[in-house]
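A.B. asks: Here is what each chain is made of, one letter per residue.
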Amino acid sequence: MIKKANSPDTISRVWKFFTSVKLTVVLLLSLAVTSIIGTVIPQSGTASEYFHKYGELRYKILSFIDSIFNIFDMYHSWWFQILLLLLTINIIICSIDRMKATWKIISVKVPPFNVSKFRGLEYKKEFSKNSMPDELEQIYKPVISRSYGYSRIEQTDSGFCLFAEKWRWTRIGVYIVHLSIILMLLGALIGSIFGFEGFVNIPEGESAKKINLRNTTEMHLLDFEIKCEDFSLSFYDSGAPKEYRSSLVIIENGKPVLKKDIIVNDPLRYKGINMFQSSYGTLPPREVTLSFTIRETGMEYKKKAAINKPVEIPEGLGTFIIKDYSSSAGFKGHNIGEAFMGILTPKIGNPLNILLPLRFPSFDKMRKGDVIIAVASHNHEYYTGLQVTKDPGVWVVYSGFILMIIGCFVTFFMSHQRLCIEVTGKGNRSRVMVAGTSNKNKMGIQRKIEILSEKLDKLVTAQEDRLKAEDC
Amino acid sequence: MNSSIILSVTTFVYGLAAFLYIVSWVFKKEAPGKLALWTAVLGLAGNTTGIILRWIESYKLGIGHAPLSNLYESLVFFSWTILIIYLFVERKYKNRTIGAFVTPLAFFAMAYASLHNNSIQPLIPALKSNWLIAHVITCFIGYAAFAIAFGTSGMYLIKKRDTEGKSLLLKRFPKENIIDELTYQMIMLGFLFLSIGIITGAVWANSAWGRYWGWDPKETWSLITWFIYATLLHAKMMRGWHGKRIAYLSIAGFAAVLFTYFGVNLLPGLHSYGAMGQ
Numbered sequence: 001m002i003k004k005a006n007s008p009d010t011i012s013r014v015w016k017f018f019t020s021v022k023l024t025v026v027l028l029l030s031l032a033v034t035s036i037i038g039t040v041i042p043q044s045g046t047a048s049e050y051f052h053k054y055g056e057l058r059y060k061i062l063s064f065i066d067s068i069f070n071i072f073d074m075y076h077s078w079w080f081q082i083l084l085l086l087l088t089i090n091i092i093i094c095s096i097d098r099m100k101a102t103w104k105i106i107s108v109k110v111p112p113f114n115v116s117k118f119r120g121l122e123y124k125k126e127f128s129k130n131s132m133p134d135e136l137e138q139i140y141k142p143v144i145s146r147s148y149g150y151s152r153i154e155q156t157d158s159g160f161c162l163f164a165e166k167w168r169w170t171r172i173g174v175y176i177v178h179l180s181i182i183l184m185l186l187g188a189l190i191g192s193i194f195g196f197e198g199f200v201n202i203p204e205g206e207s208a209k210k211i212n213l214r215n216t217t218e219m220h221l222l223d224f225e226i227k228c229e230d231f232s233l234s235f236y237d238s239g240a241p242k243e244y245r246s247s248l249v250i251i252e253n254g255k256p257v258l259k260k261d262i263i264v265n266d267p268l269r270y271k272g273i274n275m276f277q278s279s280y281g282t283l284p285p286r287e288v289t290l291s292f293t294i295r296e297t298g299m300e301y302k303k304k305a306a307i308n309k310p311v312e313i314p315e316g317l318g319t320f321i322i323k324d325y326s327s328s329a330g331f332k333g334h335n336i337g338e339a340f341m342g343i344l345t346p347k348i349g350n351p352l353n354i355l356l357p358l359r360f361p362s363f364d365k366m367r368k369g370d371v372i373i374a375v376a377s378h379n380h381e382y383y384t385g386l387q388v389t390k391d392p393g394v395w396v397v398y399s400g401f402i403l404m405i406i407g408c409f410v411t412f413f414m415s416h417q418r419l420c421i422e423v424t425g426k427g428n429r430s431r432v433m434v435a436g437t438s439n440k441n442k443m444g445i446q447r448k449i450e451i452l453s454e455k456l457d458k459l460v461t462a463q464e465d466r467l468k469a470e471d472c
Numbered sequence: 473m474n475s476s477i478i479l480s481v482t483t484f485v486y487g488l489a490a491f492l493y494i495v496s497w498v499f500k501k502e503a504p505g506k507l508a509l510w511t512a513v514l515g516l517a518g519n520t521t522g523i524i525l526r527w528i529e530s531y532k533l534g535i536g537h538a539p540l541s542n543l544y545e546s547l548v549f550f551s552w553t554i555l556i557i558y559l560f561v562e563r564k565y566k567n568r569t570i571g572a573f574v575t576p577l578a579f580f581a582m583a584y585a586s587l588h589n590n591s592i593q594p595l596i597p598a599l600k601s602n603w604l605i606a607h608v609i610t611c612f613i614g615y616a617a618f619a620i621a622f623g624t625s626g627m628y629l630i631k632k633r634d635t636e637g638k639s640l641l642l643k644r645f646p647k648e649n650i651i652d653e654l655t656y657q658m659i660m661l662g663f664l665f666l667s668i669g670i671i672t673g674a675v676w677a678n679s680a681w682g683r684y685w686g687w688d689p690k691e692t693w694s695l696i697t698w699f700i701y702a703t704l705l706h707a708k709m710m711r712g713w714h715g716k717r718i719a720y721l722s723i724a725g726f727a728a729v730l731f732t733y734f735g736v737n738l739l740p741g742l743h744s745y746g747a748m749g750q
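Here the protein sequences line up with chains H and P, keeping their order.
The opening position of the first sequence corresponds to residue 1 in our numbering, with each subsequent residue numbered one higher.
The opening position of the second sequence corresponds to residue 473 in our numbering, with each subsequent residue numbered one higher.
Any given hint could turn out to be false.
As the list claims (entries may be wrong) - Quick list of simulated restraints, FRET-style, between CB atoms:
1) Pro-241(H) to Ala-517(P): 35 to 45 Å
2) Lys-501(P) to Ile-82(H): 57 to 67 Å
3) Trp-79(H) to His-588(P): 46 to 56 Å
4) Leu-85(H) to Lys-501(P): 36 to 46 Å
5) Phe-235(H) to Gly-735(P): 28 to 38 Å
6) Ile-596(P) to Val-249(H): 47 to 57 Å
Unchecked claim - With a straight-line cut-off of 27 Å between C-alpha atoms, the simulated DSS-like cross-links for lysine-lysine are:
7) Lys-440(H) to Lys-426(H)
8) Lys-227(H) to Lys-600(P)
9) Lys-440(H) to Lys-109(H)
10) Lys-708(P) to Lys-117(H)
11) Lys-125(H) to Lys-564(P)
12) Lys-566(P) to Lys-448(H)
13) Lys-440(H) to Lys-600(P)
Worth flagging that the hints you see were computed from the coordinates, not collected in a lab.
Even for Gly, the Cβ is constructed at its ideal location relative to N, Cα and C.
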């Protein structure tokens, strides 16, 4: 038989493929397993970082894999995005497919009840009372309608049936969860298209208008300037950081419009752009005070110096010029921290390279020269490191978050419960049957029926005892 | 009397409770089971007192914060949540053999905590936020529920192996379908709270760092855990996927929980504050 590539036939096959829960299981497990890769291989590093970490051979192999599968940024790779897209389509189609039936059940005007279905339940409770059915009707109706949103009584030949139900609407719980996921993914998409994430370092006293975008070499121009008036740093006694604080001013069209001190966890937000205290750094001090101690006389002199400006060494011992500054200088393989590097040109002899670590003022003694140079004081200059972001999709994502929580709660812990109390009169006595169903959590409904049955039994006993007492 | 001493004692009390639950199960005696329950309750009282006292102590030191900021504090809280949920489970299901499989987890958590630095440290800037409390509490309620599901899944698999019902030991277990039901209830509880935990983490991250999701190893592994349990919840709907396969997924899920909690500290990222000794 020749199969024709009928459009409707292909569409329905594709549709059917996406209605499968098996597909969901495959996609979720695939996402779980592949996500592991990106935690074991650090993401978004530079080529040299990876080369350093893995060595030549492994780097070559990983690089090759990266060129096809982008494993160095796998969560933004084409194949990972495809998995997410397939899952999204799966969620949408599954939901549409099953929602029709659920909506039919939920939107019913008069809930149907079939007493024989309840009678046929494996789990039900029965007991007898010395009262007539209409007496029981009087007692039970108010009690039941208090805890069940819907209830009605149907009279039977020998008594009545009290039907009740509640939380029919909770059958849409799972669709709320699915919708929440769609919203989160939609919000993420909006953010990635219309938003940006970047950083900028601003030295104290200066301002910036351009920011560096993450993962690219591109720069982004803001509509306003961010000025860092001050940066302050405080530590606990243990040396751990206590607070990083930047005093920022937003300048628009040359005028300051907003002033705020920011710390970690408390950003500055302006016109949809968020500025976070992220890091800081030290800048080479512009001016230092050097101390020159003459070995022969023991005299100490203090002189101000700036980078690349030669300074006369007292007592005619030559000139010294600061050439460079490093925040982590090296000496014989050790990191000795902040240090200045300079050149000492003595009156007679060759120029010498001098290292002046700020942490070790007596360092220059080792040289056994005529003069011992040290940095007496310097002012700390900082730059503040700000993370600058814009994400117009964030509120869509947040609405997804709220729906996810509500949806999970409704799906897991609320169910559509139906109750049937059938009372049959026999002479002066009545037989009561209590049965109930729930679309989830069988154990739970069984317990509920047990508890309710005991309660209904006791209520009638109490009433009967009262009547007996009145009679006496 | 300070919080560290109380919590050390609690560790031993939990160990004793676990031992008594196991004795009660293996020797089929009611009395050690009752004693186990009271021992567990005593341990929980100590655990609670320890946590509150530590909170107060931090204020006395001038660096007041909720005791949820490092590995030691989180492990102590983890044990606390396991016990609380377990006591509800024992009350509802009335079967103490479950205790033999759950209380040892609380004991191990406290014992592991005792190996770490328990000095009260001030909060670094990144942790100074009310979101810390919401995020840590919800995550750990989730982890505790998954831990209990791990215990009951173990019970399920053990019971399943005894196909002819010959083992006298396993006769005391709840029925298979009840164990399965309990496991499912715990996973639903865990999934709800893990979701809230991930969400509060994301909102916190957005208010502190400007992005709600960065695929850092901790975030990614919490999502991997979430994916595994989501798979389990959906697999229940598929034919042929009950009982054993669900139990295996539950165990895999808990392995992911453990990696999210401890393993990520061995990988690079922003979440390393939870690492040993810090």
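A.B. asks: Of the hints stated earlier, which fail here?
C.D. replies: 3, 4, 6, 7 and 13
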